[in-house]
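Protein chains in written order, with my numbering: chain A, 31 to 161; chain B, 2 to 520.
To be clear, the hints were calculated from the coordinates, so they are not data collected in a lab.
Quick caveat: nothing in here was measured; it's all calculated off a predicted structure.
We put the CB at the ideal spot given by N, CA and C, even for glycine.
If a hint is listed, it holds; no wrong ones were tucked in.
The calculated DSS-like cross-link candidates involving lysine-lysine, where the alpha carbons are at most 25 Å apart (straight line), are: (1) A:Lys-41 to A:Lys-137; (2) B:Lys-146 to B:Lys-9; (3) B:Lys-98 to B:Lys-8; (4) B:Lys-50 to B:Lys-9; (5) A:Lys-110 to B:Lys-390; (6) B:Lys-98 to B:Lys-146; (7) A:Lys-106 to B:Lys-366; (8) B:Lys-98 to B:Lys-50; (9) B:Lys-73 to B:Lys-280; (10) B:Lys-366 to A:Lys-110; (11) A:Lys-152 to A:Lys-106; (12) B:Lys-366 to A:Lys-152.
Listing some non-contacts, in silico: residues in chain A with all C-beta distances to chain B over 10 Å: (13) Met-31; (14) Asp-32; (15) Lys-41; (16) His-42; (17) Tyr-49; (18) Gly-90; (19) Glu-92; (20) Trp-107; (21) Arg-118; (22) Ile-119; (23) Thr-123; (24) Gly-132; (25) Phe-135; (26) Gly-139; (27) Met-144.
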Amino acid sequence: MDCFVFEAAGKHLGIEARYIYRIADEARVVPVPLLPSCHVGVFYYRGDLFDVIDAGQLLGNEARISNEPPYVILLKWDQKSLGLIPERIVGMTWVEEENSHGMIFTKEGLAIHMMIPENIWKRLSELPYGH
Amino acid sequence: MDIEKYKKIFTQESDRYLQELTADLLRVEKDLPNRSLWSDVHGKLHSIKGMSRALNLDDISALCHSMEAWCKEFQGGTIAPNADAVQVLMDGAELLKEMVAATAEDTAIPAPTRLDRVGALLRQRPDQLILDRPFDPHPFSAPSKIDHIRVEYALIEELLARSQEIILLERTLPPLSQEQITSGLRSWIDHYMALLRGIHFQLARLRLMPVQDFVSLFDKPVRDLARNYQREVRMEVAGGELQVDIGLMERLREPFMHLLRNAIAHGIEPPDERKKQGKSREGNIVFEAEKKGDSLLLSIGDDGRGIDSEAIERYLKTRMGMSDQEIGRMSREDFFRTILRVDYSSAAETDQLAGRGIGMDVIAKAIEYLSGSLAIHSEPHRGTQFIIKLPLSLSIIYAIVFELGPYVLSVPTSHVVSIERADDPLPEQRDDLYDLRSRLGIRFNTAKSSHILRVRRPPDPNNPEAGHTLDRFSVDAVIGNMPLMVMPSGELLARTESFAGVGIMENGDLSILLDMERL
Numbered sequence: 031m032d033c034f035v036f037e038a039a040g041k042h043l044g045i046e047a048r049y050i051y052r053i054a055d056e057a058r059v060v061p062v063p064l065l066p067s068c069h070v071g072v073f074y075y076r077g078d079l080f081d082v083i084d085a086g087q088l089l090g091n092e093a094r095i096s097n098e099p100p101y102v103i104l105l106k107w108d109q110k111s112l113g114l115i116p117e118r119i120v121g122m123t124w125v126e127e128e129n130s131h132g133m134i135f136t137k138e139g140l141a142i143h144m145m146i147p148e149n150i151w152k153r154l155s156e157l158p159y160g161h
Numbered sequence: 002m003d004i005e006k007y008k009k010i011f012t013q014e015s016d017r018y019l020q021e022l023t024a025d026l027l028r029v030e031k032d033l034p035n036r037s038l039w040s041d042v043h044g045k046l047h048s049i050k051g052m053s054r055a056l057n058l059d060d061i062s063a064l065c066h067s068m069e070a071w072c073k074e075f076q077g078g079t080i081a082p083n084a085d086a087v088q089v090l091m092d093g094a095e096l097l098k099e100m101v102a103a104t105a106e107d108t109a110i111p112a113p114t115r116l117d118r119v120g121a122l123l124r125q126r127p128d129q130l131i132l133d134r135p136f137d138p139h140p141f142s143a144p145s146k147i148d149h150i151r152v153e154y155a156l157i158e159e160l161l162a163r164s165q166e167i168i169l170l171e172r173t174l175p176p177l178s179q180e181q182i183t184s185g186l187r188s189w190i191d192h193y194m195a196l197l198r199g200i201h202f203q204l205a206r207l208r209l210m211p212v213q214d215f216v217s218l219f220d221k222p223v224r225d226l227a228r229n230y231q232r233e234v235r236m237e238v239a240g241g242e243l244q245v246d247i248g249l250m251e252r253l254r255e256p257f258m259h260l261l262r263n264a265i266a267h268g269i270e271p272p273d274e275r276k277k278q279g280k281s282r283e284g285n286i287v288f289e290a291e292k293k294g295d296s297l298l299l300s301i302g303d304d305g306r307g308i309d310s311e312a313i314e315r316y317l318k319t320r321m322g323m324s325d326q327e328i329g330r331m332s333r334e335d336f337f338r339t340i341l342r343v344d345y346s347s348a349a350e351t352d353q354l355a356g357r358g359i360g361m362d363v364i365a366k367a368i369e370y371l372s373g374s375l376a377i378h379s380e381p382h383r384g385t386q387f388i389i390k391l392p393l394s395l396s397i398i399y400a401i402v403f404e405l406g407p408y409v410l411s412v413p414t415s416h417v418v419s420i421e422r423a424d425d426p427l428p429e430q431r432d433d434l435y436d437l438r439s440r441l442g443i444r445f446n447t448a449k450s451s452h453i454l455r456v457r458r459p460p461d462p463n464n465p466e467a468g469h470t471l472d473r474f475s476v477d478a479v480i481g482n483m484p485l486m487v488m489p490s491g492e493l494l495a496r497t498e499s500f501a502g503v504g505i506m507e508n509g510d511l512s513i514l515l516d517m518e519r520l
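Just chain B, with the same shape it has in the complex:
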């Protein structure tokens, strides 16, 4: 990702954090000993520090670091906070806001003397602040501009639906008379429709939400679960600023809830047990979101006791009749994937505490229907991690759309290396062309192939040294390179294990997105 893009993300995210930080400081000012509020403050400063370090913004990261140092003491209870200290931190927050704004506009750090003074104060012990002169009345902060608003998701869906209906209306346009066409009515309508399509596409982007917001939905459920099972749990998010389709997240809500319940009920040990093992009393659950190529990777990990390997071994021996050697030969991933089997239920699943015991197989299926995959990593006493990989979950991607037989198909542009015109039948070259037609069950081979697509396939996970392989296949016609709004293909199409989704073109027509990894 280039620097400019990252800078933009940095400013947007930091602005958001700083707004929240100010709110937190206002709250903690009225409730000084509240350690969890200090933990929130600390967390936000830490995030801003991390991002600024990545961009070598040393002044910002240094200021965050000093502010963080105070917060750590307050959060840990080693030093008691006081009103003056909070004022210093508030001044620091205001400075940070100005510094972030300066970064966005590429101007110099504002008010260097104020920065020095706050820096000097932060070097002192917060409970023994020596103020050489009474506090300068800091210029009163003006209320921030209205930047983001909350919108009901139902409203967005309604807007999207309406705009789509308007676009579909074009199909019922009655035929125009010659006079109407020459008077310019046709081109007016075309222009009008193009503008509407633009609106529709912009609305589609409203379907994106930051992962952080999705994870926040679980704050209360996690807290309740922790209380119920008498555990101490802390949730962390990495990559929370990544934007994902709300519809997709909605479908993952239940699977995630189940994974969290498992993590808290079975993964994370009771605080005393953790203490004995030399772990922190608080168990950690980490949500991670990462975009890798065309896939979205979402993972939930805990630092608990890991999946019960003995139970899996018992199952493999008794239910599957496997021998010790056969089990030994299994890869760790395959070994843990056993818990996804329909008839797998360790004692843990069926005991009272686990509740309804929705099988892991239901989770696996839900993910499959989104054209995704689930990987499991686990180590005894260290913890467990579930990694969900979802293809092309960002709303809009560019794809090469083409015709093959009766179908309109597409391949992500990022996978396409080149498009060549097919000269009239090249029988001698036909051998090195991948036969996509028979792979897709297209029986009649139209000899009128117009183009050959050369695509880069992702490396085979079983043979990573092979790297990317190239494939060439012929197509009947290339429609173009265009943005598609990608929707999950649904249960029935997912069973073919060949498609990454259904793409909606700007004119409302559909194309079937091929899954290059699985074909």
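Same shape as in the complex, but just chain A:
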């Protein structure tokens, strides 16, 4: 399957191409109060509002590694949507099926952790919100 690969929190991460809606550059992400620190803000694109998450912070980084202006990976699945800010974009790659731990190995020997948008959403839902 086609897989989009990027780096965050010292790892290589991959998301199946079918979930990728667009890679937005020059994205103006607007911060929102009372949200977990990995939530960078909201981004309005073509009629949809995306919650934009710093991938690194979601996966455990302490602070945001700022890149101005950020590339945002816009994901859409199942009536939901999300934006992810990577530390570095690697690109598209074709991989065979993943193993049971959600890891892929490319022929160059790169280890890629596969992410499923629904799981990212679940993890976000478990964080504290509000006052």
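Knowing the structure of chain A, use the given hints to seat chain B on it.
What follows is chain B alone, placed relative to chain A:
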């Protein structure tokens, strides 16, 4: 709402009803005994009558009333309709059209003699019409002007998306040379962009649809459900002319469907049971839409048996360990809200008839994510009503946009009483200022507050006597009073229970709309 605005709504709505009325009359002319068609005709006349009465348009309401009287007989089957009667009604409809048009243009009622004649005919029994002279050939009606067209919603979304892309394109404009600026290129571009933004905003208004159209989507599902559960059901709409955002309605489609299924499967009793209770065989489901302040209230009500209180009591006692006294002390609203709990499932939910049994908690959540709330009213044997309150669901509202810390926030202008310049630090006055910064988790207190906003908060529902309270808070900078296109904030932001939505300004930038009721 002022008279002129209401008059405009009246004319638009009446025109629409009258167009449909003519179509209905044409249909019923070919199918005279069809009682449900007569019911449609009746309904439309009734609606026009209601609106005209509110505006004291006595001629119109009187004509509607006489026409209605005939329709009632036809609908009830007490008098059989005939072709002449239908012709009289058609003449009446044409007259109504002219009278409504005269109202819009503030001119006198046209053709008073024709009005008298039709009025006189309507006073007779429709099946014993005495026509003193053969019917005047009524001037042939010309086809109406093309007024409204049907558009695919997907097309509107595409248009909106494109216009937004064009606006975003401005950001990538390469720097202009001095010569280009002095030649007027910059101001040309600014003008061009302003026009584009205007288009974008107009397109945003296309996202509005009348509640009536949304409810009509449920006509067939309701009919099918009624057949399936062997009930007789009638749906009514109040406030159908209210315009709401299509995106919002789309998100409510499933929750509404579930509430309707509940109403028909469990609320409304089988026709025989209803008869025994002295109710009409037909159960009534009423959809109501109302705009109250900055909120949209949508309710679905039925006149069925009401929510099973005993099942709720059982749940509260066994699952929640509550005593009779504790239950007795609960407000009726809180009592019925029990059914929204995740683990609540009365026998009704899980029985075969109810089908998949989507929990009421899913409905409650869906509404919460739209920054709305759900209230439940129910009385045994009288019926149940679900009221959904949604904030600022009309597409465009005016708001005061301001900066606070790193955020761009906004408050609906209707809530803002005044904006004062903040004189340099007023330490003694700081106590009576509401600390919005700490409420929003802004840690560094910039001392450079430029303005103080005084806002009116809606009355506390638990203490309605207190009325509106005023709050003052300081802000770093006021950007302005401007129209915002409001979008629902989404699940994650909704969890903070502090925002009413995300507002999009004319230049495409965003501001976070504060929910004054919940802060």
